[in-house]
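> For chain G, the structure is supplied; the task is to place chains U, C and E on it using the hints.
Heads up: the protein sequence lines correspond to chains G, U, C and E, in order.
Counted the way the numbering used here counts, the first sequence spans residues 1 to 250.
Counted the way the numbering used here counts, the second sequence spans residues 1 to 250.
Counted the way the numbering used here counts, the third sequence spans residues 1 to 250.
Counted the way the numbering used here counts, the fourth sequence spans residues 1 to 250.
Honestly, the hints are just simulated from the structure, not real lab data.
Because the structure is a prediction, the values reported are computed rather than measured.
There's no promise every hint is true.
No copy labels: a pair is met if it fits in one copy or bridges any two.
Claimed, not checked - Straight-line alpha carbon distances no greater than 25 Å define the calculated SDA-like cross-link-like pairs of lysine to any residue that follow:
id: 1; residue 1: Lys-18; residue 2: Ser-80
id: 2; residue 1: Lys-18; residue 2: Arg-59
id: 3; residue 1: Lys-18; residue 2: Arg-75
id: 4; residue 1: Lys-18; residue 2: His-191
id: 5; residue 1: Lys-18; residue 2: Asn-230
id: 6; residue 1: Lys-18; residue 2: Arg-74
id: 7; residue 1: Lys-205; residue 2: Gly-178
id: 8; residue 1: Lys-18; residue 2: Ala-78
id: 9; residue 1: Lys-205; residue 2: Gln-177
id: 10; residue 1: Lys-18; residue 2: Glu-232
id: 11; residue 1: Lys-18; residue 2: Arg-82
id: 12; residue 1: Lys-18; residue 2: Asp-229
id: 13; residue 1: Lys-18; residue 2: Pro-81
id: 14; residue 1: Lys-18; residue 2: Ala-231
What follows is the residue order along each chain.
Number of protein chains: 4
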Amino acid sequence: MSLPLLNCDMGESFGNWKMGLDDEVMPYVDCANIACGFHASDPDIMRRTVALAVQHGVRVGAHPAYPDLQGFGRRSLACSPREVEDMMLYQIGALEGMCRAEGTTVSYVKPHGALYNDMARDPELLRGAMRAVLAYDCTLPLLAMATADPAPMRELAEEMGVTLWFETFADRAYDPQGRLVSRREPGAVHHDRETIVAQAVTLAKGEALTANDGSALGLAADTLCVHGDNAESVAAVRAIRDAFDGLARE
Amino acid sequence: MSLPLLNCDMGESFGNWKMGLDDEVMPYVDCANIACGFHASDPDIMRRTVALAVQHGVRVGAHPAYPDLQGFGRRSLACSPREVEDMMLYQIGALEGMCRAEGTTVSYVKPHGALYNDMARDPELLRGAMRAVLAYDCTLPLLAMATADPAPMRELAEEMGVTLWFETFADRAYDPQGRLVSRREPGAVHHDRETIVAQAVTLAKGEALTANDGSALGLAADTLCVHGDNAESVAAVRAIRDAFDGLARE
Amino acid sequence: MSLPLLNCDMGESFGNWKMGLDDEVMPYVDCANIACGFHASDPDIMRRTVALAVQHGVRVGAHPAYPDLQGFGRRSLACSPREVEDMMLYQIGALEGMCRAEGTTVSYVKPHGALYNDMARDPELLRGAMRAVLAYDCTLPLLAMATADPAPMRELAEEMGVTLWFETFADRAYDPQGRLVSRREPGAVHHDRETIVAQAVTLAKGEALTANDGSALGLAADTLCVHGDNAESVAAVRAIRDAFDGLARE
Amino acid sequence: MSLPLLNCDMGESFGNWKMGLDDEVMPYVDCANIACGFHASDPDIMRRTVALAVQHGVRVGAHPAYPDLQGFGRRSLACSPREVEDMMLYQIGALEGMCRAEGTTVSYVKPHGALYNDMARDPELLRGAMRAVLAYDCTLPLLAMATADPAPMRELAEEMGVTLWFETFADRAYDPQGRLVSRREPGAVHHDRETIVAQAVTLAKGEALTANDGSALGLAADTLCVHGDNAESVAAVRAIRDAFDGLARE
Numbered sequence: 001m002s003l004p005l006l007n008c009d010m011g012e013s014f015g016n017w018k019m020g021l022d023d024e025v026m027p028y029v030d031c032a033n034i035a036c037g038f039h040a041s042d043p044d045i046m047r048r049t050v051a052l053a054v055q056h057g058v059r060v061g062a063h064p065a066y067p068d069l070q071g072f073g074r075r076s077l078a079c080s081p082r083e084v085e086d087m088m089l090y091q092i093g094a095l096e097g098m099c100r101a102e103g104t105t106v107s108y109v110k111p112h113g114a115l116y117n118d119m120a121r122d123p124e125l126l127r128g129a130m131r132a133v134l135a136y137d138c139t140l141p142l143l144a145m146a147t148a149d150p151a152p153m154r155e156l157a158e159e160m161g162v163t164l165w166f167e168t169f170a171d172r173a174y175d176p177q178g179r180l181v182s183r184r185e186p187g188a189v190h191h192d193r194e195t196i197v198a199q200a201v202t203l204a205k206g207e208a209l210t211a212n213d214g215s216a217l218g219l220a221a222d223t224l225c226v227h228g229d230n231a232e233s234v235a236a237v238r239a240i241r242d243a244f245d246g247l248a249r250e
Numbered sequence: 001m002s003l004p005l006l007n008c009d010m011g012e013s014f015g016n017w018k019m020g021l022d023d024e025v026m027p028y029v030d031c032a033n034i035a036c037g038f039h040a041s042d043p044d045i046m047r048r049t050v051a052l053a054v055q056h057g058v059r060v061g062a063h064p065a066y067p068d069l070q071g072f073g074r075r076s077l078a079c080s081p082r083e084v085e086d087m088m089l090y091q092i093g094a095l096e097g098m099c100r101a102e103g104t105t106v107s108y109v110k111p112h113g114a115l116y117n118d119m120a121r122d123p124e125l126l127r128g129a130m131r132a133v134l135a136y137d138c139t140l141p142l143l144a145m146a147t148a149d150p151a152p153m154r155e156l157a158e159e160m161g162v163t164l165w166f167e168t169f170a171d172r173a174y175d176p177q178g179r180l181v182s183r184r185e186p187g188a189v190h191h192d193r194e195t196i197v198a199q200a201v202t203l204a205k206g207e208a209l210t211a212n213d214g215s216a217l218g219l220a221a222d223t224l225c226v227h228g229d230n231a232e233s234v235a236a237v238r239a240i241r242d243a244f245d246g247l248a249r250e
Numbered sequence: 001m002s003l004p005l006l007n008c009d010m011g012e013s014f015g016n017w018k019m020g021l022d023d024e025v026m027p028y029v030d031c032a033n034i035a036c037g038f039h040a041s042d043p044d045i046m047r048r049t050v051a052l053a054v055q056h057g058v059r060v061g062a063h064p065a066y067p068d069l070q071g072f073g074r075r076s077l078a079c080s081p082r083e084v085e086d087m088m089l090y091q092i093g094a095l096e097g098m099c100r101a102e103g104t105t106v107s108y109v110k111p112h113g114a115l116y117n118d119m120a121r122d123p124e125l126l127r128g129a130m131r132a133v134l135a136y137d138c139t140l141p142l143l144a145m146a147t148a149d150p151a152p153m154r155e156l157a158e159e160m161g162v163t164l165w166f167e168t169f170a171d172r173a174y175d176p177q178g179r180l181v182s183r184r185e186p187g188a189v190h191h192d193r194e195t196i197v198a199q200a201v202t203l204a205k206g207e208a209l210t211a212n213d214g215s216a217l218g219l220a221a222d223t224l225c226v227h228g229d230n231a232e233s234v235a236a237v238r239a240i241r242d243a244f245d246g247l248a249r250e
Numbered sequence: 001m002s003l004p005l006l007n008c009d010m011g012e013s014f015g016n017w018k019m020g021l022d023d024e025v026m027p028y029v030d031c032a033n034i035a036c037g038f039h040a041s042d043p044d045i046m047r048r049t050v051a052l053a054v055q056h057g058v059r060v061g062a063h064p065a066y067p068d069l070q071g072f073g074r075r076s077l078a079c080s081p082r083e084v085e086d087m088m089l090y091q092i093g094a095l096e097g098m099c100r101a102e103g104t105t106v107s108y109v110k111p112h113g114a115l116y117n118d119m120a121r122d123p124e125l126l127r128g129a130m131r132a133v134l135a136y137d138c139t140l141p142l143l144a145m146a147t148a149d150p151a152p153m154r155e156l157a158e159e160m161g162v163t164l165w166f167e168t169f170a171d172r173a174y175d176p177q178g179r180l181v182s183r184r185e186p187g188a189v190h191h192d193r194e195t196i197v198a199q200a201v202t203l204a205k206g207e208a209l210t211a212n213d214g215s216a217l218g219l220a221a222d223t224l225c226v227h228g229d230n231a232e233s234v235a236a237v238r239a240i241r242d243a244f245d246g247l248a249r250e
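Bound-form chain G, shown alone (with noise of 0.2 Å):
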């Protein structure tokens, strides 16, 4: 069983400013997706959280992000393709530079909160941000959400000849058409460790999940999306290695 790759956003402190649980948290994953110092980071976070992947031999993704440290990334700014692309290529590259320094290199990309929203909703930001790693390196896997009906995009990155890697949540309700529900409804998010860990199992085991309105929801699971922001978050982290170390072991 290929199971899927635990992702993590990692690198988000600031200045003087901490966030995240990096340290702990990085033992437990794959995949560091790493900020880019348009929404978090700067310079020497971004050195020592690449310095922090290497030494457990995780992966280190780009994290890009739309320029708003004060809105950490997640407030919409109306890009032009052009825009995306190249504020991508800016971040890609100034991650590598650390990399090279950490004797790493950029392995895949993961754009940030609302870039990453506004290019499951607008073909042409998608577009922008597959030109984007094609031009930067055309190996490098660009990770999208998973949905219901992945074909669209799967033909656009077989088109554009950009690997895609499906995202999935462990921690999040799905509705029928594969969409994350809205954090303002309840039961939006699991708290539960052992709800969230079966979660996991079931997409890893690449069986179908319940979606909110009860019908079966199947997904691609290239990787899952963890947290690292808090003490719970971790060790819901850790079941799911646990977890995933014993169907690795079947």
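Coordinates of chains U, C and E only, in the frame set by chain G:
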């Protein structure tokens, strides 16, 4: 004769603000020092400037700076050597992102403004800059101001394993130590085109300049800094290029 | 006859980058909309621009924007009404700091670019902008785009207790709803000085314009936006000023 | 007895990043030095912090800084006196915008970090800071570090017409000149609560401290800087407040 390479600051526009006659001056230079977004430029302008350099067969150099758009990187910022190292890695990498998309690569590094001056003054900052260049690509030349006594900097470069390119100016008066005469003093800047071309040719031939106290001043001139700010400076660059073409034919 | 006040965007330089012919156009306008550092300007330029306005007896208005220097405040940023309110308070206050040092005061508020357009489209953002103006100084007029049906905006302003100044353009074609024709369509922008002056005079007399479908369009015109971008637009401002002086003598 | 006012840096969060226990420490201080967006804070956080100060009857002070979020305003930036003057006017005004919305006003100015230190070292920068305060509101006190020989600064303040408040620290060791002992030296920072309270009381009574060479050191103490970084420092503030309440009853 190995002629000094003509280098020129480029890509110094920002967003809607224009600066510099990049289109006019690019055909006559060897090396484009491209701003990396910290003192000027943005991802879109960086990419267009790299494309322009590629079109004219001009080498692309990173022109990293302190993070100070308002001050155009001309105000010293009290950074640690490690902060200098990391901000340079970030900026060189970001420019490389643009180079990859345009089919070229970063070929050298010239720190900008206050960073360039501070690193000439403070050996620890210079070491930080050298570590950045080495970590990024140990074959990249680092530009540094030529002086009357280049031995200490040469020894440091040799110890660190960095290639130095000494930079000179054709339109500036020098003091006997090989430092630029301050712009606040009379005669600091040459405005007459013949004087500028004559100084460029003297430097190219490896002959001594006359310092501002009348003494002879020998300077290593791997590269010569020229300017594309306005029509007059572009005309001077063309005249230097013509003179150098003449020297090359001799 | 109460003539529309001529307002012009000013102080749009930033650091070393110059934009706009503020010195040339200031003598001919009534109101200077001064950028507040979020889309353009910086503290030094703001202060010089306020001083120039004072010298010519021109009223100073705050020209707040989304925080986006690279995009010149022309890209929508998905902000909450409270974020809009607070960023406007910040920018109005910052400009007031400059006004105090130059012996004047902020006299009105004109949101800039994408913020201006978003608030015309979204009543909640408009309420946020109105709350900022009220909280700062309930006597300050807020500029808003004139439309064919100003009643809804007038009612909201009355409910909130805000003074509105409706703004019109002399160099732009209107559609029948009183919206500016998109710059992408032919005939959207008038370049002919006589046409511009004629439209200004029509607006000043309170007569109907001809919309781009040939219908008559009545617009309230408390103020008229003019431009100081280049010599041509400054000449148009002088011509409008001459025409208005003529109307005033009638 | 006129007790020193307790002042504390506040509003040092930024966007999603949290810093400082403002809610916990606000009830025990007299003066809140609120960051103005250049080294920390943003319009939303500034406004919430002003509202919190108003709720507890605490005076609001502007805490302007060099523009350096990454360095938290702790890195010197080589600015001209005029640049310092204008950036202070901008930041004081911006904070006033928030004060107007919350029914209070800026009551004093305390420059932050490297700006505070630079202005203690360079009389021209101090004059720039004084001009800003005077131009904004000539009754606003400006905080400056107390020294063993306050006469020169007092004379300058008198010449300029500025009110100075000398600031002291209860948790730091002093050298015989009344300068803070560098944090790099042993014994520079007091961690023991009794020592801190004792130094605060000594300053409040106008008695001499013991400098780090054993000599007696008299310091004018218009205000005492306290910290709300963590639970321990908040407990120290409560203990100082209790001690001052006791002195007030004597």
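> For each hint, tell me whether it holds in the structure or not.
How the hints compare with the structure:
Proximity of Lys-18 and Ser-80 under a CA criterion of 25 Å is satisfied inter-copy only: 20 Å between copies versus 32 Å inside one chain copy. For a Cα distance limit of 25 Å, the shortest separation of Lys-18 from Arg-59 inside one copy, 22 Å, qualifies, whereas the shortest one across copies, 29 Å, does not. Taking identical chains as interchangeable, the C-alpha atoms of Lys-18 and Arg-75 lie at most 25 Å apart whether they share a chain (21 Å) or sit on different chains (19 Å). For the identical chains of this complex, Lys-18 and His-191 are neighbours both inside a copy (23 Å) and across copies (23 Å), given an alpha-carbon limit of 25 Å.
Taking the closest pair of Cα atoms, Lys-18 and Asn-230 come within 25 Å of each other both inside a single copy (12 Å) and across two copies (14 Å). Within a single copy, Lys-18 and Arg-74 get their C-alpha atoms as close as 18 Å, and across copies as close as 17 Å, so both meet the 25 Å cut-off. Taking the closest pair of Cα atoms, Lys-205 and Gly-178 come within 25 Å of each other only inside a single copy of the chain (17 Å); across copies the shortest separation is 59 Å, beyond that limit. In this homomeric assembly, Lys-18 and Ala-78 come within 25 Å of each other (Cα to Cα) only across copies, at 22 Å, whereas the closest approach inside a single copy is 29 Å.
Taking CA atoms no more than 25 Å apart as the test, Lys-205 paired with Gln-177 passes inside one copy only; the shortest distance there is 20 Å, against 58 Å between copies. Within a single copy, Lys-18 and Glu-232 get their C-alpha atoms as close as 18 Å, and across copies as close as 19 Å, so both meet the 25 Å cut-off. With identical chains, the CA atoms of Lys-18 and Arg-82 are at most 25 Å apart between copies only, with a shortest distance of 19 Å across copies and 33 Å within one. Taking the shortest Cα distances, Lys-18 and Asp-229 sit within 25 Å of each other both inside one copy (11 Å) and across copies (13 Å).
In the homo-oligomer, the alpha carbons of Lys-18 and Pro-81 lie at most 25 Å apart only across protomers (22 Å), although the nearest pairing inside one protomer, at 32 Å, exceeds that limit. Both within a single protomer and between protomers do Lys-18 and Ala-231 lie at most 25 Å apart by alpha-carbon distance, with minima of 15 Å and 17 Å respectively.
Checked against the numbered hints listed earlier, the structure breaks none of them; every hint is satisfied.
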